[in-house]
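These protein sequence lines map, in sequence, to chains A and B.
Okay, so the first sequence: first residue is 1 according to my numbering, each after it adds one.
Okay, so the second sequence: first residue is 1001 according to my numbering, each after it adds one.
Hints were generated in silico from the structure; no laboratory data involved.
Just so you know, not all the hints are guaranteed correct.
Cross-link-like lysine-lysine pairs, in silico, BS3-like; alpha carbons within 27 angstroms at most [unchecked claim]: (1) B:K1031 / B:K1046; (2) A:K129 / A:K73; (3) A:K129 / A:K70; (4) B:K1032 / A:K126; (5) B:K1064 / A:K70; (6) B:K1046 / A:K126; (7) B:K1060 / A:K48; (8) B:K1019 / A:K174; (9) B:K1060 / B:K1019; (10) A:K22 / B:K1064; (11) B:K1074 / A:K159; (12) B:K1032 / A:K22; (13) B:K1047 / A:K126; (14) B:K1047 / B:K1064; (15) B:K1201 / A:K129; (16) B:K1047 / A:K159; (17) B:K1203 / B:K1154; (18) A:K70 / B:K1076; (19) B:K1032 / A:K174; (20) B:K1074 / A:K22; (21) A:K48 / B:K1064; (22) B:K1074 / A:K73; (23) A:K48 / A:K159; (24) A:K70 / B:K1060; (25) B:K1046 / A:K48; (26) B:K1060 / A:K73; (27) A:K174 / B:K1046; (28) B:K1032 / A:K159; (29) B:K1046 / A:K73; (30) A:K22 / B:K1060; (31) B:K1031 / A:K126; (32) B:K1076 / B:K1167; (33) B:K1064 / A:K159; (34) B:K1220 / B:K1167; (35) B:K1154 / B:K1201; (36) B:K1019 / A:K159; (37) B:K1220 / B:K1233; (38) A:K48 / B:K1047; (39) B:K1046 / B:K1019.
What follows is each chain in one-letter form.
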Amino acid sequence: MIKKIIGNKSKAEQVSTSMASKQIRYEALVRALHGDLYRYAYWLCHDKHIAEDLVQETFLRAWRALDSLKDEKAAKSWLITILRRENARRFERKRFDMSEYDEVTIVDTQSLDHEQDMENQLLREKIAKLPEEYREPLVLQVLGGFSGEEIATLLDLNKNTVMTRLFRARNQLKEALDDEPLFRGQYNG
Amino acid sequence: MDDLQFRRSIYADPNSADKDIIAAQNADPAKKQFAQEIAQLDQQIKKAMDVDIPEDLYNKLMLKQVLVSHQQQKRKSRIHLALAASIAFVLGISFTFWQSSTPYNDIGALSLAHVAHETMHFADEDHSQAQVSLTSLNEKMADFNAQFSQSFGKLISAGYCNFGGIKSLHLIYQGELGPVTVFVMPNEEGLAFTANFANEKLKGQALHFDHANIVVVGDKNEPLNQWRENIEKNLTWSI
């Protein structure tokens, strides 16, 4: 009986050390990736608060399942997969509300100089107006730095589809910007 | 590489390291310019996408995790407590069963052991004056739904006892050659019935009835048959 108690104690110590190392891993993960994940979430839902909630929920799930993450290099795509699932769940919970994107909700939070500000704001609106299926791969490529193959795996699409969507996304953005007289201030004469 | 395909590739991935794309750029300045244009667009897109992160997001994430893992810890320790309690409970129950289960596997061995155990105490006392009346005997027999219609022999002592985990009624009569012990005990599972048994000093007979067993144990030379007949003759079961 005494032996059992002693055995338990050393096991408890093991548990607490593994808990501590888990804690360290988690902290590193949050520190390194919360920004990327937040931006990704933001472009997924266009709402600062929902994006924050999504990131919180994602990291909570990540904490619970941290032992299943073997390869730290895969952490980012792992987290993005969790976040996408969380986002999908949000739509299962409430189908109203987010069906139509409202331009006004896009808030510019960066304090750049005025002209830059305008450009950014404009581009943000255009990005937000992109169809979801074009925007998501674009965000993954530009912000996440994922390759075409990686995006294809993440979104469960084939690579050609992803490349086509990326092409269309940039094409639409470029056209939209070229149509915009404000942009680049070329009509000043 | 034709122009359309080139444009498509650049639009899809402005930073492509594909050697065909790079070769095409180097071969044609117009293509190169286009590629640079799109790369610039991509920089702008990147800048536009680069929204500010809420300042305290990191802290919030850490706080939430600490809270959740604290709750988990609490739940875990509750589970441990519950486990410990269950183990203690099971230990307690099995100890009780272990105590109450009889170590003897037949009725004869049990009775002989019981008598031997009692004699140690019994011999020390003087029982010449003791006499138990038929009424008080029958009061005790009522527990087994039985009674004696008349007394036989001199009943020195009658009492319940719990020997080897079995509650039985223990009667001691004054026999010709020493005390004769009569046990009334319930039919117990796991206890084999033996009609006749003996050891160096004592012998005994067991009688099986529907509701109980009656065992008579006396000195080796005691006429136990006589006792047995008396019991059979006088005993009536109320059910």
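Hints, verified against the model:
1. Taking the CA atoms of B:K1031 and B:K1046, the gap is near 22 angstroms; set against the 27 angstroms cutoff, the hint holds.
2. For the proposed pair A:K129 and A:K73, the alpha carbon gap of about 32 angstroms is over 27 angstroms, so the pair is violated.
3. Using a Cα cut-off of 27 angstroms, the hinted pair A:K129 and A:K70 is violated, with the two alpha carbons roughly 37 angstroms apart.
4. With a C-alpha separation of about 26 angstroms, the suggested pair B:K1032 and A:K126 falls inside the 27 angstroms cut-off, and the hint holds.
5. For the hint pairing B:K1064 with A:K70, the CA-to-CA distance comes to about 23 angstroms; that is within 27 angstroms, so the pair holds.
6. A distance of roughly 13 angstroms separates the Cα atoms of B:K1046 and A:K126; the hinted pair therefore holds under the 27 angstroms criterion.
7. Restraint check for B:K1060 and A:K48: the C-alpha separation of about 14 angstroms stays at or below 27 angstroms, so the hint holds.
8. Taking the CA atoms of B:K1019 and A:K174, the gap is about 25 angstroms. The hint holds against a cut of 27 angstroms.
9. For a cut-off of 27 angstroms, the pair hint linking B:K1060 to B:K1019 is broken: about 45 angstroms separates their Cα positions.
10. Note on A:K22 and B:K1064: the hinted pairing holds, with a Cα-Cα distance of about 15 angstroms set against a maximum of 27 angstroms.
11. With a C-alpha separation of about 47 angstroms, the suggested pairing of B:K1074 with A:K159 is violated against the 27 angstroms cut-off.
12. A hinted pair counts as satisfied when its Cα atoms are at most 27 angstroms apart, and B:K1032 with A:K22 does not qualify at roughly 49 angstroms.
13. Using a Cα cut-off of 27 angstroms, the hinted pair B:K1047 and A:K126 holds, with the two alpha carbons roughly 13 angstroms apart.
14. Between the alpha carbons of B:K1047 and B:K1064 the distance comes to roughly 30 angstroms, so the proposed pair goes past 27 angstroms and is violated.
15. For a cut-off of 27 angstroms, the pair hint linking B:K1201 to A:K129 is broken: about 107 angstroms separates their Cα positions.
16. Note on B:K1047 and A:K159: the hinted pairing holds, with a Cα-Cα distance of about 26 angstroms set against a maximum of 27 angstroms.
17. Note on B:K1203 and B:K1154: the hinted pairing holds, with a Cα-Cα distance of about 20 angstroms set against a maximum of 27 angstroms.
18. As the CA atoms of A:K70 and B:K1076 are separated by approximately 25 angstroms, the hinted pair is consistent with the 27 angstroms bound.
19. Of the supplied pair hints, the one linking B:K1032 and A:K174 holds, its CA atoms being roughly 17 angstroms apart against a limit of 27 angstroms.
20. Taking the CA atoms of B:K1074 and A:K22, the gap is about 18 angstroms. The hint holds against a cut of 27 angstroms.
21. Simply put, A:K48 and B:K1064 have alpha-carbon atoms about 18 angstroms apart, close enough for the 27 angstroms limit, and the pair holds.
22. For the hint pairing B:K1074 with A:K73, the CA-to-CA distance comes to about 32 angstroms; that exceeds 27 angstroms, so the pair is violated.
23. Restraint check: the Cα-Cα separation between A:K48 and A:K159 comes to about 31 angstroms, which exceeds 27 angstroms; the hinted pair is violated.
24. With a C-alpha separation of about 25 angstroms, the suggested pairing of A:K70 with B:K1060 holds against the 27 angstroms cut-off.
25. This hinted pair checks out: B:K1046 and A:K48 have alpha carbons roughly 18 angstroms apart, not beyond 27 angstroms.
26. A distance of roughly 24 angstroms separates the Cα atoms of B:K1060 and A:K73; the hinted pair therefore holds under the 27 angstroms criterion.
27. With a C-alpha separation of about 14 angstroms, the suggested pair A:K174 and B:K1046 falls inside the 27 angstroms cut-off, and the hint holds.
28. A hinted pair counts as satisfied when its Cα atoms are at most 27 angstroms apart, and B:K1032 with A:K159 qualifies at roughly 25 angstroms.
29. Restraint check for B:K1046 and A:K73: the C-alpha separation of about 22 angstroms stays at or below 27 angstroms, so the hint holds.
30. Among the hinted pairs, A:K22 with B:K1060 is consistent with the structure: their alpha-carbon atoms are about 18 angstroms apart, no more than 27 angstroms.
31. For the suggested pair B:K1031 and A:K126, the alpha carbons sit about 26 angstroms apart, so the restraint of at most 27 angstroms is met.
32. Distance hint between B:K1076 and B:K1167 is unfulfilled; the C-alpha atoms sit about 44 angstroms from each other, more than 27 angstroms.
33. Distance hint between B:K1064 and A:K159 is unfulfilled; the C-alpha atoms sit about 37 angstroms from each other, more than 27 angstroms.
34. Of the supplied pair hints, the one linking B:K1220 and B:K1167 holds, its CA atoms being roughly 26 angstroms apart against a limit of 27 angstroms.
35. Distance restraint check for B:K1154 and B:K1201: the Cα-Cα separation of roughly 22 angstroms lies within the 27 angstroms cut-off, and the hinted pair is therefore satisfied.
36. For the proposed pair B:K1019 and A:K159, the alpha carbon gap of about 19 angstroms is at most 27 angstroms, so the pair holds.
37. Note on B:K1220 and B:K1233: the hinted pairing holds, with a Cα-Cα distance of about 23 angstroms set against a maximum of 27 angstroms.
38. The suggested pairing of A:K48 with B:K1047 holds, with an alpha-carbon distance near 17 angstroms, which does not exceed 27 angstroms.
39. The suggested pairing of B:K1046 with B:K1019 holds, with an alpha-carbon distance near 24 angstroms, which does not exceed 27 angstroms.
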